[in-house]
Each structure stands twice: as structure tokens, then as C-alpha cells.
Amino acid sequence: MTASAACRGPLHLAAAIDKTGAYAAAPHTELALLAERGALDFVTLGDSFARHGPDALAVLSRIAPATGRVGLVPTVTTTHTEPFHVQAAVATLDWVSHGRAGWAVDVSATEAEARLFGRRRAAPADALWREAGEVADVARRLWDSWEDDAEIRDVATGRFIDRDKLHYVDFEGGTFSVRGPSIVPRPPQGNPVVVVDATEGHARETAARHADVALVRAASPAQAGAARAALHRRAVELGRPPGQLRVLAALVVDLGGGEHAAQPGHGGGPLPTAEGPLYRGGPVDLADLIAAWHDAGAVDGFHLTPVEPRRDLERLVNGTVALLQHRGVFRTFYPGATLREHLGLARPANRYAARAGDPS
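Each residue of the sequence shown is one higher than the last, beginning at 1 in the UniProt record's numbering.
Think of the hints as simulated: they come from the structure by calculation, not from any bench.
Please note: incorrect hints may appear among the correct ones.
In the EDC-like style, the derived pairs of lysine to aspartate or glutamate whose C-alpha atoms are separated by at most 16 Å in a straight line are [claimed, not checked]:
| no. | residue 1 | residue 2 |
| --- | --- | --- |
| 1 | Lys165 | Glu151 |
| 2 | Lys19 | Asp55 |
| 3 | Lys19 | Glu30 |
Kindly produce the complete structure, drawing on both the sequences and the hints.
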């Protein structure tokens, strides 16, 4: 490891386990276990109202008992859904996985998707992402609405909870209101990890304000570093302490070339495509790219979407990750049990417990 790399934070790696045509949990479980073998921080599973396939949150809830360490991050859309139900479902995933849950926030912008619900028309992107930020905000409040020791479970007295340790959130948003408290006890992580694709401008503001992990689709370390710096700067302007936001470069990877050198144009970095920056080459060259970007301080890590899920994820874990581990750039085991621990993020204090304990 170089001296400059030693000054950087740990490298974080995540992968998408989307598999076209898979309607059962088994194919996704296989991919999640493969990612766990490589000690990846988390896996993501996409979802939207516009495509066929199983519910991502339900699939990862099914995968949770079959895995032991890898983080599980489903996409959950905030548009047309009830914020109270969204937060309860994500909190439940955190309980089922013993503290490994995250939530990739997304919005629904099309009129066709709006017609599936029939409650309101499609809205502009800025309004949708403003609403998504409010959903993320109220979710954290609801996760905190139970203090950690609110459950008594006293058989002798018949008391299950201490009512004084449940709190109303009384949240008023632009399109919804929530009183609370939640119907689910405070999750093991306190707050499950919030992930936002911050590539677009409207989403970037929501990420800076609410995300624990921001994804940026960048085709060069300079582009990624500029996005990372802008996100951190805006987060500080919004009153967030430094060090609370991890920024990962999002790349599509095609490792079908095996050990061959990167395709012309890819050796110096990914090429822009309609699906996002694409790297096409071998696992060794990808390891070099990951190490170089991280060593330069451009990103905290990478979120990688395999073109061919089984083939590319296997080559990623057995080739790229193994080489990074051999070089001392990436860990060989999980240092903790929760997704927050994988990412080096502290378990947040309960805002209502702190207020209740304040004599003023």
C-alpha cells in the first residue's frame, strides 16, 4: 500500500445483484453469498414500479437468514408509497438481518407509474426528490420514536413496553404528515443505512442532507473527486459533521475479457454509456483502477453493477477483490457485524432519548 493510500479511509466495495428473469430468491441468494465471500460491504437489489420482477425488499428479507455479514440494500421508491410503511419495512429488514439493512431511496417520475395508483399525477424531479428527502427525514425520526430500552417484556407485571420511552414525531411534510410512533422497535443499527444515487442535481441535494452513502456515476477520478468534494461541502453547509457521508463511484463492469487487458479506451478509465460509465476488461486492470482512484482520494469506494451477474461477480470476487486483498488495499474479513460497522459509521444516538434526558 502506498503512503498516500494509508492516509485515506478504508476502501469500501459493493455490488448489484440484479438478475433479469429471476423471480425467486435463490439466484439472488447465490450472488449475495458470493459477495459475502469477498467481504463486500453490501449488495443492492433494484426495484421500481415500471419493471417486472419480485419486490426487492421482500427478496432481501428472504436472503437475510441465509447470509451472515454482507449488507442488504433494496431500492424502495418513496413516490406513491406511505412513508410510515416504508420505514417500518426497512426497520423490519434490519431486525431480520441483525443490523445489516440499508435503503436505496428512489422516486417515480412517469405518468404511467402514477396511473398504477391513481392518487395523483406525475410530478417534476425537484418536487419528487424534495419529497424523498422528507421521507428519509421522517423515517429516521420514526426509527428513533422507540428508545433502545423501551421494551420491558416483564412477564410478572404484564408490561411489554415503557410508554414514556415511545415518542410522537409529529412530522408535517409538503405532501404528507406522520404522527407516530412507529409500530416497530428501534432497529439494531439505530438508523439503517440510507443510500442515494447522487449523480443528478436534484438527488444530490437529498443525498447531501440525508444519505449515509452517496453513489456517483463518474467516468474519471477527477469527475468522481469533484462530485465527492461537492457532496461533502454541501453536507457541512447543511450542518452535518464531517465524516458522516461515504461517496462511492458507480460503475457498470464487463469482465468477460477475463485476464486480457482493458479494451481500448477503458485502460485509462470507464467509457460513458446510456447505462452509466462502463468498464470492460479484466479483473487485474479493474483492481488497478479501483486502487488508483481510491489512492487519489477521489472516492471512498465503488458500487459495481455486473453486466453478466454470475460470471462478472465471480470474477470480481475471485480476481479483483482477491488481488486488492493481497495488496493490502481491501480487508480480508468483516471487522464488525452491522452494515454501519462495515462502513465505519457510528450508531446514531436517539434524538428523543437525548432530549428526554436533558434537564433543561
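Hints versus structure:
1. Between Lys165 and Glu151 the alpha-carbon distance is near 9 Å, which keeps this suggested pair within the 16 Å criterion.
2. The hinted pair formed by Lys19 and Asp55 meets the criterion: a straight-line CA distance of about 13 Å does not exceed 16 Å.
3. For the given pair, Lys19 sits about 11 Å from Glu30 by alpha-carbon distance, which is consistent with the 16 Å threshold.
Checked against the numbered hints given earlier, this structure breaks none of them.
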